[in-house]
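Construct the entire structure; sequences and hints are all you get.
Counted from 1, the sequence shown has number 127 at position 114 by this note's numbering; the numbering is strictly sequential.
Treat the hints with caution; some may be incorrect.
[To be verified] Simulated crosslink set (DMTMM-like; lysine to aspartate or glutamate; CA at most 20 Å straight-line):
#1 Lys116 with Asp87
#2 Lys95 with Asp191
#3 Lys200 with Glu77
#4 Lys116 with Asp101
#5 Lys168 with Asp191
These aren't lab readings, by the way, just hints derived from the structure by calculation.
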Amino acid sequence: MNKAILFLIVLGIFATSSCHTGTDADERKYEAMTRYGAWQARADETRAKVGTIETEQSAYLRYEFDSLDRSILDSPYPYWDKIQVFLDKKGIRKAKLYANPAKSFLTEEFYFENGNLIYAQIDSQGIRELEPDSIFRGDRYFFTKNVLVLALDSKGKRKDITDDSVKIKSVDLINESDQIKQIIADKQIKL
Numbered sequence: 014m015n016k017a018i019l020f021l022i023v024l025g026i027f028a029t030s031s032c033h034t035g036t037d038a039d040e041r042k043y044e045a046m047t048r049y050g051a052w053q054a055r056a057d058e059t060r061a062k063v064g065t066i067e068t069e070q071s072a073y074l075r076y077e078f079d080s081l082d083r084s085i086l087d088s089p090y091p092y093w094d095k096i097q098v099f100l101d102k103k104g105i106r107k108a109k110l111y112a113n114p115a116k117s118f119l120t121e122e123f124y125f126e127n128g129n130l131i132y133a134q135i136d137s138q139g140i141r142e143l144e145p146d147s148i149f150r151g152d153r154y155f156f157t158k159n160v161l162v163l164a165l166d167s168k169g170k171r172k173d174i175t176d177d178s179v180k181i182k183s184v185d186l187i188n189e190s191d192q193i194k195q196i197i198a199d200k201q202i203k204l
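As structure tokens, this is what we get:
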């Protein structure tokens, strides 16, 4: 009898949660995480991981691939000129895309932990920044398990991650990071 009641309760929970669109609950969760500083804590944790990657970067294997074309890297931005990747025994740790300088000064940087994208940034003046003041500049995107959890503009102001343009940009970044991992796999780089 108790098992039957427990089963019906669990079934009822699943039924109500599967019918719910999630918008109200998601908004409440987003507001609660904002109110109690959880997004900031997650961003601080990711910043620390990125800082560690930057600090250890000189010990990583570095590869540079020039003359990227759309058959190699299918990106919404068609003018990528080269890519740098940094690898260690855990796999890819960092990748940086450089635009063709004749077209733009844009750069995109990707940081990975255990093969998962944890942070990406887009800097419209990245090529010009030979010695940047900070490793955190431009538009910043924080990920957990390849899901966008926080987005900041170039001034550090939080973007609404439910906004369609932010969602599209995060999907583009995840797709580019997956393609970068595939480029490395295709080159059969041994660690």
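Just to be careful, I want the Cα atoms of Lys116 and Asp87 compared with a cutoff of 20 Å; is the pair within it? holds, 17 Å
Hinted pair, alpha-carbon criterion (20 Å max): Lys95, Asp191. Please report holds or violated. holds, 16 Å
Does the alpha-carbon distance linking Lys168 and Asp191 stay inside the 20 Å limit? violated, 28 Å
CA of Lys200 to CA of Glu77, is that 20 Å or under? holds, 12 Å
Does Asp101 sit within 20 Å of Lys116, going by the straight-line distance between their CA atoms? violated, 32 Å
Of the hints listed earlier, those the structure fails to meet are numbers 4 and 5, in rising order.
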